[in-house]
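> Protein chains in written order, with the numbering used here: chain A, 1 to 334; chain B, 1 to 334; chain C, 1 to 334; chain D, 1 to 334.
Just so you know, the hints here were simulated from the structure itself, not pulled from any lab data.
Certain hints may be false.
Copies of the same chain look alike in the list, so a pair counts if it works inside one copy or between any two.
[Claimed, not checked] With a Cα cut of at most 25 Å, we get these calculated SDA-like pairs of lysine to any residue: (1) Lys22 to Ala38; (2) Lys225 to Gly274; (3) Lys44 to Gly10; (4) Lys27 to Phe157; (5) Lys182 to Asn56; (6) Lys302 to Glu247; (7) Lys180 to Pro156; (8) Lys131 to Leu287; (9) Lys82 to Pro50; (10) Lys248 to Gln283; (11) Lys328 to Ser209; (12) Lys180 to Ser192; (13) Lys22 to Tyr41; (14) Lys82 to Glu93; (15) Lys280 to Thr3; (16) Lys22 to Trp12; (17) Lys22 to Pro50; (18) Lys94 to Arg130; (19) Lys248 to Ser273; (20) Lys225 to Phe258; (21) Lys248 to Arg272; (22) Lys81 to Lys180; (23) Lys82 to Cys297; (24) Lys328 to Ile37; (25) Lys133 to Leu193; (26) Lys22 to Pro47; (27) Lys225 to Asp253.
This one's a predicted model, so the numbers in the text were calculated from it and none came from an experiment.
Chain by chain, the residues:
Number of protein chains: 4
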Amino acid sequence: MITVGIIGYGYWGPNIVRNFSKLPGVKVGAICDFNPIAIEYAQKEYPHLPIVSDYNEIVSSKEIDVVAIITPVSTHYELAKKALQNGKHVFVEKPMAPTSDQVEKLIEIAEKKKLLIMVDHTFLFTSAVRKIKDLIDEDVLGNLYYFDSTRVNLGPFRHDTNVIWDLASHDLSIMDYVIKEKPIAITASGRSLFGNGLEDVGYMTVYFSNNMIAHFNVNWLSPIKVRTTLVGGERKMLVWNDLDTDEKLKIHDKHLIFENREGIDNLLSSYRSGDMWVPKLEQCEALRIETEYLIDCITTGKTPVNDGCSALRVIKILEASNESLRNKGQMVLL
Amino acid sequence: MITVGIIGYGYWGPNIVRNFSKLPGVKVGAICDFNPIAIEYAQKEYPHLPIVSDYNEIVSSKEIDVVAIITPVSTHYELAKKALQNGKHVFVEKPMAPTSDQVEKLIEIAEKKKLLIMVDHTFLFTSAVRKIKDLIDEDVLGNLYYFDSTRVNLGPFRHDTNVIWDLASHDLSIMDYVIKEKPIAITASGRSLFGNGLEDVGYMTVYFSNNMIAHFNVNWLSPIKVRTTLVGGERKMLVWNDLDTDEKLKIHDKHLIFENREGIDNLLSSYRSGDMWVPKLEQCEALRIETEYLIDCITTGKTPVNDGCSALRVIKILEASNESLRNKGQMVLL
Amino acid sequence: MITVGIIGYGYWGPNIVRNFSKLPGVKVGAICDFNPIAIEYAQKEYPHLPIVSDYNEIVSSKEIDVVAIITPVSTHYELAKKALQNGKHVFVEKPMAPTSDQVEKLIEIAEKKKLLIMVDHTFLFTSAVRKIKDLIDEDVLGNLYYFDSTRVNLGPFRHDTNVIWDLASHDLSIMDYVIKEKPIAITASGRSLFGNGLEDVGYMTVYFSNNMIAHFNVNWLSPIKVRTTLVGGERKMLVWNDLDTDEKLKIHDKHLIFENREGIDNLLSSYRSGDMWVPKLEQCEALRIETEYLIDCITTGKTPVNDGCSALRVIKILEASNESLRNKGQMVLL
Amino acid sequence: MITVGIIGYGYWGPNIVRNFSKLPGVKVGAICDFNPIAIEYAQKEYPHLPIVSDYNEIVSSKEIDVVAIITPVSTHYELAKKALQNGKHVFVEKPMAPTSDQVEKLIEIAEKKKLLIMVDHTFLFTSAVRKIKDLIDEDVLGNLYYFDSTRVNLGPFRHDTNVIWDLASHDLSIMDYVIKEKPIAITASGRSLFGNGLEDVGYMTVYFSNNMIAHFNVNWLSPIKVRTTLVGGERKMLVWNDLDTDEKLKIHDKHLIFENREGIDNLLSSYRSGDMWVPKLEQCEALRIETEYLIDCITTGKTPVNDGCSALRVIKILEASNESLRNKGQMVLL
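Chain A with its partners taken away, still in its complex shape (with noise of 0.2 Å):
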C-alpha cells in the first residue's frame, strides 16, 4: 500500500486527490489546505481523511510515500525540497518550478536520495497525445516538418504568470514527448494589456537543428477556443482539435512528391492527397492514467517519462521565451 499526502485542494487539487483515492493499492493519508473554504469542502467530500493546514503535517508524515503539490507555483520549490528531504516522492503541478537552477536543484537531491519527481504534464496522458507519439515512434509520419500548435480562449486570466508559461506550457510539454530531436534556439513575442511584462497574447517560434520547426500561438483574449496542433511529414500529416469529441486525431494521406528532373524549378512540383484517416481513441482520464503511472514507476523503480528532465527542459524554453520577449523578438539559443 502506498500512502499519498496532497498539499493544496485549490482548482486542480480535488482532480488529484479524487484519482489517488480510487487506485487501487493506494491510500490518500492526508489533505491539507490553508484556505478555510478550501478545508471544508475536503471535509464534505472526505469526511473520513484528515485535513490539515499545516504541510509540515504531509511532508514530515511517517505514514506518507508521496508527496503531491498542487500549490501557486512561487512554493512549488520549498516544497518539494522538504517533500525529497524528508524521504518523500514528490509529485508536482506544472511548472516544476520558477527557475530551472530550482529544478535542477531538485533533480539533484532527489537523484541522491533515489526518489522518484514527476511533473504534471497531464495531456501526455491523453489518448490523443499517446496515439501521436505511437504514429511518429513507428514512423508513419517520416521526416518531420513542422509542429504548429493554436491554444486559445477568453481567459482566465492569470496575475502570477503570462500566458506563454500558462498554455503553452503544456505544448512544450507535448512536443518535448512526441518529437525526438531536442530545440536549438527559439524566438518569441507577444503584448501585454499593461506592458508589465504579463503577456495576454504570445508566439514562440522553437527551431530544430534538422531544419523542423515549432511554433506555438497562445491566447487568453480569444472569442473562441481552439485547442488545434498541426504536425506535417515528409510522408503524413496530422490535425489534433482536442477540442473535437468523434474526430481528434486526423491523419491525412498527404505529403509533398520530390520530382527531381530538371533541377530546383522543378522540385516540388506536385503532391499526393490521400485518404483521410481517424483512429479511434481510448476515453479514459488522461490524470487517472498518469497517478497509476506515477504508482507503476515508484514500485518499479522506472524513470517516468514526466521526470525531473522533462520539466527542465520545458522550464529552459520558458525562461528562453522571456529573455526574448525582453529583448525584441532576438533568437535566444537553448
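Starting from the structure of chain A, add chains B, C and D where the hints point.
Same frame as chain A, but now just chains B, C and D:
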C-alpha cells in the same frame, strides 16, 4: 468608353479579362501573352479580340486607356513604367513590384503624369473584409487588442517567392485596409525545406505603437486549408473564417471587464460573454467590384484605397520580413 | 424542510439524489433499490443516509413528503399509485406509466388527494428549450410551419421499449411544451431488426389543425450522434443543435416573401435571407432547475408545466405511434 | 463524330451544352429555345452554332444523332417521343416524364427502334455516389439496415411540382443505383402552405422485403442547407455529407455485436466502435462523366444504368408518394 488592355493570360489573367469584358462602359482592347498555349486559349474564348504576343502593342496602343498587368512579379516594374510613360492608367497584380524602391518610382511617375495606379488587392473587395472595415470604422469593436491571421494549405509551392510574400501579403493588405494605426516594427521566423531562403512555413509578428499586435501564420505544407482571422477588441471580438459559406463572419459580444477595486491583482477578473451575431454578407465576385471601382476611380479622379501607397506599405513589411528572417528573427523597424 | 425519498438508484437515480441533496430547504430522507450493487454504491456516496431495499419504507414513511420514482417503466404505475395513496407528492421518470389509462388514473388520484404529480421531462429545463419557448411565446418566429427533429446515435439499445418511446418521447415533450397548438393525428413508420415490434429505427409525422407539421427521426443504429431540431416560422427560423457547445441555438432571419401580384404562380417567388443570431444561453444543469421547480410547485401550489396532463399528452402520441406501426403507417387520430 | 441537339436553354441547359461541346468526338449541332432571352444568351455564348426556336428543327434534323431534352417536365414526353420516332437517341432531364405510363411508352418505342434513352440522374456520376456503390457492391458495409437521407434548403420553391418530386427524386435515383434490393412499399407525409397538393415539406418511408428501410426528408423551407445521407450496415456505416468539401464521405467501423448467450434480452448488448476513414474522392464534374458515358453507351451499345427502366422505377415511387399523401399516409405497394 474606357478601353483596357491586358498583359498576361496565365492563371489569373482570364478572370481579369472576363470581369472587364462584362463591365458597362468598358471595352477590352487587346490581350497579350507570349505563351502560345495562352494565346490559343485566349483566341478560343475571345475570338473577336486582338490577341498579341508583344506587350508593346498594348502599352503603346492609342486606343488603350488602362493597362492591366497580370504577369510574373519580376516583370511588373518595367511593364508598369512603360505603360505609365505612355500615358496609361495601370492595374497591377500584387505585389506591385519586387522592391519598395520600384514601387516608389512607379508612384512618382504616376503622380507626375496624373495617372492612376492600382494594385490588385482583391480581398479588400470581398463582402467580409468590407464588413470588417465598417465594424472597425464604426467603433463596434472598440480599441483593438490584436489581429491574428492563419492562411495555410497544401501548396501550391512557388519557386520565385517565399510563403510570406505569397500568402501573408493578402493578410497584410487586409490589415492595412481595416486598421487605421500603422505598424512600427516586425519580427519574422520560418523554415525552408532546402534552406534556400524560400520559406514554405512562415510566421510574422507586427507591432503597433498603441500596443496592438498582429500575427500571421502561413504554410504551404498544411494537410488542411485554413483561412481564419481573429480580431480582438475591447468591446467585441470577431472571427472571420473565409472557408465557411454561410457563417463567414462571427461577431462575439465578448470582452474583458476591468474592475479597479483592489489593484492589479483584481484587474481583469471577469469577462462578458454575450450573444454572437453573423451578419448577412452579399455574395458577389470581389474582382467584379474591384474592376468597377478601378473604372470609377479613373472616371471621377478619386484616389483608390488600393493605390500605390497601399502597395508600398505592404511591400515595406514584406521587405522587413526578409531582413528579420536573415537576422535570426531580429526586430526590424518600419 | 421538504423531505424526498428516492426509489431506484440505477443509471439516472444518482443524478436525482445528487440534485435533491444540494437543494436548500430539501432533505433526502432515504434511497431505495433492491439491487445489492446499487445499494452498496449508494451507501458509499451517502454514508449518512438510510439505504433501503423495500420501497414500502419510502412510500409509507411518515417523514417523506415527496417520492421520486426512477425505476423501470413497468413499475411506475404501482409505485406512483401507492405513494399518492399514502399522501406523497410524486416525481416520476418519463414515461409516467406504460399506458395512458394508467396515467389518467394517477392524475385522478392526485387531484382527489390534492397532491402534485410531475413527470421528469428534463429537456424542458435546459436553457435552449426555455429560450425556444420564449421565442415562440413572444412571436419572434411568427406562425409556425414545421418542427423537425432528429435524435440518433449508436445505441444504447433497449429491450423493454422501442426507439420511438425511448428517444422521440424527449422531442414530443419538448414539442408539447413550446408549441401551443395541439396535434390532431400522426403516422409512424420504422423497422425492427428482429421484427418483434421493438423498432430500432423510427419515424413519426405529427399533424396539427393549423396546417403545421412535425416530424421525428430516431435511430439506435446511427454511426454518428445527432440531436438537431429545426423550427420554421413565417418570420424567422431556428436550428437547435444540442451537441454544439457554443452555438446551440441559431436564429435565422429568413422567411418567405409573399407576392400576390399575378396569382399563385408568382407566389413565394422570393426569400428574405438576413443575419443570423446566436443567443447566449446560461450554462446550468437542467435537473437542478427541474428539482428546484418541483419544490417550488409543491410550496406554492402552482401547477407544473410537466404535470400529469403533459405526461398524458405525450403518452397518447406514443400509443398512437404503436397503432400506426401495427397498421402499416395508417394515420391515427388523437 | 456524334452530333447532339439540345432543346431547352434555361437554368440547366447551358451546363448540358457546355459539357457536350467539350467532349472529343462530339459536336453540338444546334440549340433550341423559344424564349428570346435564352436565344440571345445562347447566341452570345455560341456565336458559331445554329440557335433555333422551333424544336422540329432539332428532332427532324438529318445531322443530329442525339436529342437532349432540358425543358419543363410537362413537355418531356412529346419531345422524347418525336425524337425517338425520328430515330434519335434521347437524353432527358429528370423526371423522364410526368407519369409512369408515358415512361413505359418511351421505353417501348426506344426498344422497338433500338435507340438509347437516358435520364439525367446527375448524382449517379458524382465521385461520392460511385464510391458508395463500390462499397456496397464489395460488401464492405455488409447487409444494409437503413438508408436515411435529408435534402433541405430555403427554396427554390417550384409551382409545377411538390418538394418530393423536386428533391427526393435525386435521393431515390441514388438509392435505386446503390442498393440492389428493390422496394416493395412506401408511405409519405407532408404539408403544403396552401393545401394545394404542392407539398413544401415532405417525408417518405420506403420498405424493402429484406427488412431494410429507407427514409427521405425534403424541405423547401429550411433555414440551413443540408444534404446528408446515412447508410447503416451490419459491418460498417457511412455518412455522406455532400456539402463538406474535404470530408464528403465518412466510413465508420461501427456495428452491433450480437451475443446469443441468454436469449433476446441479452442480444445487441454491445457495439463495436473503431476507426473512421475518409476516402479520397476525385474532383470532377458529374455532368462531364455522365455526358461521356452517354456517348460511350451509344457507341458501344451498352445499356446505361440510368436508362428508361431506372427512370421508371423512380417515377413509380414518386407516383406512389402522391397516392399515399392523398390517402392520409396509407401504405402504397409498389
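> For every hint, state whether the structure bears it out.
Here is what the structure says about each hint:
In this assembly of identical chains, Lys22 and Ala38 lie within 25 Å of each other by CA distance both inside one copy and across copies; the values are 21 Å within and 18 Å between. In this homomeric assembly, Lys225 and Gly274 come within 25 Å of each other (Cα to Cα) only across copies, at 15 Å, whereas the closest approach inside a single copy is 30 Å. Proximity of Lys44 and Gly10 under a CA criterion of 25 Å is satisfied in both settings, with 14 Å inside one chain copy and 24 Å between copies. Proximity of Lys27 and Phe157 under a CA criterion of 25 Å is satisfied in neither setting, with 35 Å inside one chain copy and 38 Å between copies.
In this assembly of identical chains, the alpha carbons of Lys182 and Asn56 never lie at most 25 Å apart, being 38 Å within a copy and 57 Å across copies at closest. In this assembly of identical chains, the alpha carbons of Lys302 and Glu247 never lie at most 25 Å apart, being 33 Å within a copy and 43 Å across copies at closest. In this assembly of identical chains, the alpha carbons of Lys180 and Pro156 never lie at most 25 Å apart, being 32 Å within a copy and 30 Å across copies at closest. When the C-alpha separation of Lys131 and Leu287 is checked against a cutoff of 25 Å, the pair qualifies only within one copy, where the shortest distance is 16 Å, while the shortest distance between copies is 36 Å.
Taking the shortest Cα distances, Lys82 and Pro50 sit within 25 Å of each other inside one copy (20 Å), while across copies they are farther apart (44 Å). For the homomeric pair Lys248 and Gln283, the shortest alpha-carbon distances inside one copy (11 Å) and between copies (24 Å) are both at most 25 Å. For a Cα distance limit of 25 Å, the shortest separation of Lys328 from Ser209 qualifies both inside one copy, at 23 Å, and across copies, at 14 Å. Proximity of Lys180 to Ser192 under the C-alpha cut-off of 25 Å is restricted to the inter-copy arrangement: shortest distance 20 Å between copies versus 33 Å within a copy.
Taking identical chains as interchangeable, the C-alpha atoms of Lys22 and Tyr41 lie at most 25 Å apart whether they share a chain (18 Å) or sit on different chains (14 Å). Taking the closest pair of Cα atoms, Lys82 and Glu93 come within 25 Å of each other only inside a single copy of the chain (16 Å); across copies the shortest separation is 54 Å, beyond that limit. Taking the shortest alpha-carbon separations for Lys280 and Thr3, neither the intra-copy value of 35 Å nor the inter-copy value of 46 Å comes in at or below 25 Å. For the homomeric pair Lys22 and Trp12, the shortest alpha-carbon distances inside one copy (16 Å) and between copies (22 Å) are both at most 25 Å.
Taking the shortest alpha-carbon separations for Lys22 and Pro50, both the intra-copy value of 17 Å and the inter-copy value of 24 Å come in at or below 25 Å. With identical chains, the CA atoms of Lys94 and Arg130 are at most 25 Å apart within one copy only, with a shortest distance of 19 Å there and 41 Å across copies. Taking identical chains as interchangeable, the C-alpha atoms of Lys248 and Ser273 lie at most 25 Å apart whether they share a chain (20 Å) or sit on different chains (15 Å). In this assembly of identical chains, the alpha carbons of Lys225 and Phe258 lie at most 25 Å apart only when taken from different copies (21 Å versus 37 Å within one copy).
Proximity of Lys248 and Arg272 under a CA criterion of 25 Å is satisfied in both settings, with 23 Å inside one chain copy and 18 Å between copies. In this assembly of identical chains, Lys81 and Lys180 lie within 25 Å of each other by CA distance neither inside one copy nor across copies; the values are 30 Å within and 53 Å between. Taking the shortest Cα distances, Lys82 and Cys297 sit within 25 Å of each other inside one copy (21 Å), while across copies they are farther apart (57 Å). For a Cα distance limit of 25 Å, the shortest separation of Lys328 from Ile37 qualifies neither inside one copy, at 43 Å, nor across copies, at 50 Å.
Taking the shortest Cα distances, Lys133 and Leu193 sit within 25 Å of each other only across copies (23 Å), while inside one copy they are farther apart (37 Å). With identical chains, the CA atoms of Lys22 and Pro47 are at most 25 Å apart both within one copy (16 Å) and between copies (17 Å). When the C-alpha separation of Lys225 and Asp253 is checked against a cutoff of 25 Å, the pair qualifies only between copies, where the shortest distance is 15 Å, while the shortest distance within a copy is 27 Å.
Violation of the numbered hints given earlier is confined to hints 4, 5, 6, 7, 15, 22 and 24; the remaining hints are satisfied by the structure.
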